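There are 2 protein chains.
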Amino acid sequence: MGSYMETLGSRAKTASREAGKLSTNEKNKGLLSVAEELLLEMEAILQENEKDVSEAEARGMKASLVDRLRLTEIRVQDMAEGLRQIAALDDPTGEVLSMKNRPNGLRIGKRRVPLGVVGIIYESRPNVTADAFGLCFKTGNAVILRGGSDAIHSNKAIVHAVKEGLRKAKLPQDLILLVEDTSRETVNEMMKLHGFIDVLIPRGGAGLIASVVQNSTVPVIETGTGNCHIYVDEGADLNMAVDIIENAKTQRMGVCNACESLVIHEHAAAQVIPMIVSRLKLHSVEIRGDETACALSGEIVPASEEDWGTEYLDAVISIKVVESLDAAIKHINTYNTGHSESIITESYANALRFQDEIDAAAVYVNASTRFTDGFEFGFGAEIGISTQKLHARGPMGLEALTTTKYIIFGSGQIRR
Amino acid sequence: MGSYMETLGSRAKTASREAGKLSTNEKNKGLLSVAEELLLEMEAILQENEKDVSEAEARGMKASLVDRLRLTEIRVQDMAEGLRQIAALDDPTGEVLSMKNRPNGLRIGKRRVPLGVVGIIYESRPNVTADAFGLCFKTGNAVILRGGSDAIHSNKAIVHAVKEGLRKAKLPQDLILLVEDTSRETVNEMMKLHGFIDVLIPRGGAGLIASVVQNSTVPVIETGTGNCHIYVDEGADLNMAVDIIENAKTQRMGVCNACESLVIHEHAAAQVIPMIVSRLKLHSVEIRGDETACALSGEIVPASEEDWGTEYLDAVISIKVVESLDAAIKHINTYNTGHSESIITESYANALRFQDEIDAAAVYVNASTRFTDGFEFGFGAEIGISTQKLHARGPMGLEALTTTKYIIFGSGQIRR
Numbered sequence: 001m002g003s004y005m006e007t008l009g010s011r012a013k014t015a016s017r018e019a020g021k022l023s024t025n026e027k028n029k030g031l032l033s034v035a036e037e038l039l040l041e042m043e044a045i046l047q048e049n050e051k052d053v054s055e056a057e058a059r060g061m062k063a064s065l066v067d068r069l070r071l072t073e074i075r076v077q078d079m080a081e082g083l084r085q086i087a088a089l090d091d092p093t094g095e096v097l098s099m100k101n102r103p104n105g106l107r108i109g110k111r112r113v114p115l116g117v118v119g120i121i122y123e124s125r126p127n128v129t130a131d132a133f134g135l136c137f138k139t140g141n142a143v144i145l146r147g148g149s150d151a152i153h154s155n156k157a158i159v160h161a162v163k164e165g166l167r168k169a170k171l172p173q174d175l176i177l178l179v180e181d182t183s184r185e186t187v188n189e190m191m192k193l194h195g196f197i198d199v200l201i202p203r204g205g206a207g208l209i210a211s212v213v214q215n216s217t218v219p220v221i222e223t224g225t226g227n228c229h230i231y232v233d234e235g236a237d238l239n240m241a242v243d244i245i246e247n248a249k250t251q252r253m254g255v256c257n258a259c260e261s262l263v264i265h266e267h268a269a270a271q272v273i274p275m276i277v278s279r280l281k282l283h284s285v286e287i288r289g290d291e292t293a294c295a296l297s298g299e300i301v302p303a304s305e306e307d308w309g310t311e312y313l314d315a316v317i318s319i320k321v322v323e324s325l326d327a328a329i330k331h332i333n334t335y336n337t338g339h340s341e342s343i344i345t346e347s348y349a350n351a352l353r354f355q356d357e358i359d360a361a362a363v364y365v366n367a368s369t370r371f372t373d374g375f376e377f378g379f380g381a382e383i384g385i386s387t388q389k390l391h392a393r394g395p396m397g398l399e400a401l402t403t404t405k406y407i408i409f410g411s412g413q414i415r416r
Numbered sequence: 001m002g003s004y005m006e007t008l009g010s011r012a013k014t015a016s017r018e019a020g021k022l023s024t025n026e027k028n029k030g031l032l033s034v035a036e037e038l039l040l041e042m043e044a045i046l047q048e049n050e051k052d053v054s055e056a057e058a059r060g061m062k063a064s065l066v067d068r069l070r071l072t073e074i075r076v077q078d079m080a081e082g083l084r085q086i087a088a089l090d091d092p093t094g095e096v097l098s099m100k101n102r103p104n105g106l107r108i109g110k111r112r113v114p115l116g117v118v119g120i121i122y123e124s125r126p127n128v129t130a131d132a133f134g135l136c137f138k139t140g141n142a143v144i145l146r147g148g149s150d151a152i153h154s155n156k157a158i159v160h161a162v163k164e165g166l167r168k169a170k171l172p173q174d175l176i177l178l179v180e181d182t183s184r185e186t187v188n189e190m191m192k193l194h195g196f197i198d199v200l201i202p203r204g205g206a207g208l209i210a211s212v213v214q215n216s217t218v219p220v221i222e223t224g225t226g227n228c229h230i231y232v233d234e235g236a237d238l239n240m241a242v243d244i245i246e247n248a249k250t251q252r253m254g255v256c257n258a259c260e261s262l263v264i265h266e267h268a269a270a271q272v273i274p275m276i277v278s279r280l281k282l283h284s285v286e287i288r289g290d291e292t293a294c295a296l297s298g299e300i301v302p303a304s305e306e307d308w309g310t311e312y313l314d315a316v317i318s319i320k321v322v323e324s325l326d327a328a329i330k331h332i333n334t335y336n337t338g339h340s341e342s343i344i345t346e347s348y349a350n351a352l353r354f355q356d357e358i359d360a361a362a363v364y365v366n367a368s369t370r371f372t373d374g375f376e377f378g379f380g381a382e383i384g385i386s387t388q389k390l391h392a393r394g395p396m397g398l399e400a401l402t403t404t405k406y407i408i409f410g411s412g413q414i415r416r
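Those protein sequence lines, which keep their order, are chains A and B. Mapping of the first sequence onto full-length UniProt numbering: residues 1 to 416, in sequence order. Mapping of the second sequence onto full-length UniProt numbering: residues 1 to 416, in sequence order.
Hints in this document: simulated from the structure, not taken from any laboratory. Just so you know, these numbers come straight off a predicted model, no measurement behind them. Among the clues, some could well be false.
Any copy, or any two copies together, can satisfy a pair, since identical chains are not distinguished.
Claimed, not checked - Below, computed lysine-lysine pairings styled on DSSO-like, alpha-carbon distance capped at 27 Å:
(1) 330 <-> 110
(2) 100 <-> 110
(3) 168 <-> 62
(4) 281 <-> 21
(5) 192 <-> 330
(6) 170 <-> 192
(7) 156 <-> 168
(8) 156 <-> 330
(9) 100 <-> 62
(10) 281 <-> 192
(11) 29 <-> 192
(12) 170 <-> 100
(13) 62 <-> 21
(14) 170 <-> 51
(15) 62 <-> 192
(16) 13 <-> 330
(17) 110 <-> 62
(18) 330 <-> 170
(19) 21 <-> 330
(20) 51 <-> 110
(21) 100 <-> 330
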């Protein structure tokens with residue numbers, strides 16, 4: 001007999017074999033059934049969520065975190081609507097990406113197939129529970145969910161509704177498995193379930209992600225932190241630059257694709273830095289700059305070395321003045337987290353060099369970094385934004401939850 | 001100051017930035033220069049290799065392992081020829097795999113780019129040293145090589161020639177870095193070089209691969225073990241079946257795509273098992289079977305439960321008789337290692353079901369499993385065969401050594 005987690009892993013593996021055989025119609029029917037069931041079980045979900053919320057408040061959880069934890073009628077309706085939208089998306093599995101004949105007559109095709117079992121480790125956002133299930137199920141995977149202990153009552157209630165929706169659609173209920181024991185031991189064991197879990201996706205803060213990367217023997221897709229830069233080139237359209245900077249910094253402050261640092265060519269600095277300062281002051285953004293930047297505005301406070309590498313997720317931004325595009329590229333490649341970087345330029349050559357040489361998931365010319373997002377990229381869904389280089393990089397839609405297998409059609413070929 | 005391994009990691013990272021900027025012409029020139037230098041330094045390479053070989057023999061290394069370690073004039077010529085062949089391949093980097101316009105006018109493209117720094121951990125095959133360098137360099141990566149201590153003199157001599165070839169082509173010599181300290185501490189540190197090494201590829205036996213998977217915090221591409229099956233369906237062409245089985249088992253015994261286990265439909269068993277036995281006896285293959293198989297031939301010895309999961313890499317094969325295609329699929333999905341599986345059948349429906357439901361990198365109909373190989377698949381190169389599902393699955397050619405980045409062309413877009 002295996003441990004608690006091994007048993008979950010084995011059940012998920014078995015369910016994943018069934019999931020891989022379902023037609024797109026069957027999967028879509030399941031998603032709609034689950035959406036309906038979430039609404040039917042609304043009252044129970046909100047009651048259980050209230051337990052989590054009052055326990056969190058009693059423990060003195062920060063108001064912004066309590067807000068992420070809290071479900072309302074509208075938020076549950078949004079979960080259901082999210083599943084309906086996933087049902088409406090194209091199913092990426094089954095597609096043959098290429099098929100070629102070899103000289104010996106073998107036909108070798110590469111087909112997109114489900115990953116198998118996906119593990120998600122996340123914090124106290126109960127909406128992730130329904131959303132992650134929907135994306136994994138649509139792509140023919142089983143999912144093992146390990147949410148934060150703060151949200152355990154909410155997650156149990158949501159998973160109950162998902163299982164009931166699956167049952168009504170005559171689908172295996174083990175397609176979703178919740179780790180109900182939220183102890184540190186079970187999460188550590190989950191990260192070692194090599195052979196049962198095909199990929200682990202951590203969703204949450206930098207600490208959670210680092211811990212999964214450090215401890216997991218299961219392959220991990222790192223999502224995450226964004227220390228995103230905007231570089232204002234010599235000769236850039238400065239009004240465009242200021243509009244883009246304002247958007248990238250202030251349209252939503254606490255997200256990974258928000259701009260955290262500006263790099264300014266020294267020939268643009270004297271003109272554009274005062275423009276930036278006055279625009280960002282409208283949003284009460286604190287500005288920390290190097291010596292040159294500070295000399296150009298009394299509103300800028302000195303930046304420390306630590307600032308260059310900091311993802312503020314807050315109303316703070318840093319400014320570095322550089323003497324060349326080379327220096328800008330070097331600075332960004334030194335301090336960025338491989339997420340999203342943008343150049344504001346009118347120069348053809350500089351635009352190409354920036355896109356070639358910056359090492360990041362998304363490299364923009366003359367646009368806000370805030371577009372790095374599965375929906376903005378037109379994927380219709382997003383399981384996270386990968387900041388690593390294996391398997392998936394940048395916003396991950398349904399395709400990131402698939403792998404491929406080679407299918408080979410022969411007529412008796414043997415190797416000589 | 002960083003440790004020995006951090007210093008290597010940092011040097012490789014710097015070199016990888018340069019590598020990413022090289023044109024295909026520059027890289028090909030570098031490969032040809034290194035090929036030439038290997039021939040120029042032939043004598044030194046063979047002398048240093050002789051030290052490894054005599055030390056290994058003095059320690060009593062098995063003859064087959066000494067043979068893998070030994071270099072000859074022809075083997076060094078083969079290394080040089082391998083690099084010339086890599087130079088002749090298409091460069092996959094730079095290709096834009098898709099480019100679409102979004103409704104707001106953003107043009108979003110997905111471009112294939114180098115991974116950055118590739119780490120290879122391998123055993124005592126000095127030919128891997130030149131080969132891995134060639135594949136990584138062609139794709140614009142820097143490589144850190146950690147070979148076995150048994151081959152350290154050979155590896156140093158080969159790396160000397162590679163660096164000299166790079167120098168003559170005016171290319172950074174840090175594009176190849178050899179871990180000269182082959183202690184356990186340095187390899188453990190190498191597996192933790194998250195942030196410096198973008199991917200680790202272990203090449204070697206099951207023990208080496210398991211150790212890297214267990215201990216690495218750097219993303220790993222697992223290559224490896226193949227417990228490959230051939231299923232003979234009811235109504236199969238039995239002469240074709242026996243020819244394919246003979247080829248898959250005996251054409252080369254010690255390789256990962258060799259067949260290790262047969263699964264036979266009970267309606268075919270009485271006729272085909274004696275045919276298989278007499279054919280495999282020509283190659284002195286020991287046959288271990290379940291009760292039904294043993295009853296059909298006095299030459300078959302009883303198999304234990306352990307046999308079903310064993311990759312023999314030797315003149316041994318197991319036979320399991322099943323009552324249905326379902327039972328065959330279940331048996332294979334239970335015991336296989338996700339490498340290569342084949343069905344011999346005349347049934348359209350069974351061929352499709354086998355390809356759909358078997359969970360492996362390569363699923364064949366009516367062909368030998370021995371074709372799972374980068375060269376046989378037409379990739380012109382192979383860095384290994386991935387038996388895991390993330391990033392790359394099956395034979396890995398040059399593309400497996402690349403990632404993608406999104407390149408976004410805007411004209412002032414901000415997010416609403």
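Going down the list of hints, with the structure as the test:
no.: 1; hint: 330 <-> 110; verdict: between (39 Å within a copy, 23 Å between copies)
no.: 2; hint: 100 <-> 110; verdict: both (9 Å within a copy, 23 Å between copies)
no.: 3; hint: 168 <-> 62; verdict: neither (39 Å within a copy, 62 Å between copies)
no.: 4; hint: 281 <-> 21; verdict: neither (57 Å within a copy, 39 Å between copies)
no.: 5; hint: 192 <-> 330; verdict: between (38 Å within a copy, 25 Å between copies)
no.: 6; hint: 170 <-> 192; verdict: neither (32 Å within a copy, 46 Å between copies)
no.: 7; hint: 156 <-> 168; verdict: within (18 Å within a copy, 65 Å between copies)
no.: 8; hint: 156 <-> 330; verdict: neither (48 Å within a copy, 32 Å between copies)
no.: 9; hint: 100 <-> 62; verdict: neither (57 Å within a copy, 42 Å between copies)
no.: 10; hint: 281 <-> 192; verdict: neither (48 Å within a copy, 43 Å between copies)
no.: 11; hint: 29 <-> 192; verdict: neither (34 Å within a copy, 45 Å between copies)
no.: 12; hint: 170 <-> 100; verdict: neither (38 Å within a copy, 39 Å between copies)
no.: 13; hint: 62 <-> 21; verdict: neither (45 Å within a copy, 47 Å between copies)
no.: 14; hint: 170 <-> 51; verdict: neither (31 Å within a copy, 68 Å between copies)
no.: 15; hint: 62 <-> 192; verdict: neither (32 Å within a copy, 35 Å between copies)
no.: 16; hint: 13 <-> 330; verdict: between (46 Å within a copy, 12 Å between copies)
no.: 17; hint: 110 <-> 62; verdict: neither (49 Å within a copy, 40 Å between copies)
no.: 18; hint: 330 <-> 170; verdict: between (56 Å within a copy, 22 Å between copies)
no.: 19; hint: 21 <-> 330; verdict: between (49 Å within a copy, 14 Å between copies)
no.: 20; hint: 51 <-> 110; verdict: neither (49 Å within a copy, 45 Å between copies)
no.: 21; hint: 100 <-> 330; verdict: neither (42 Å within a copy, 29 Å between copies)
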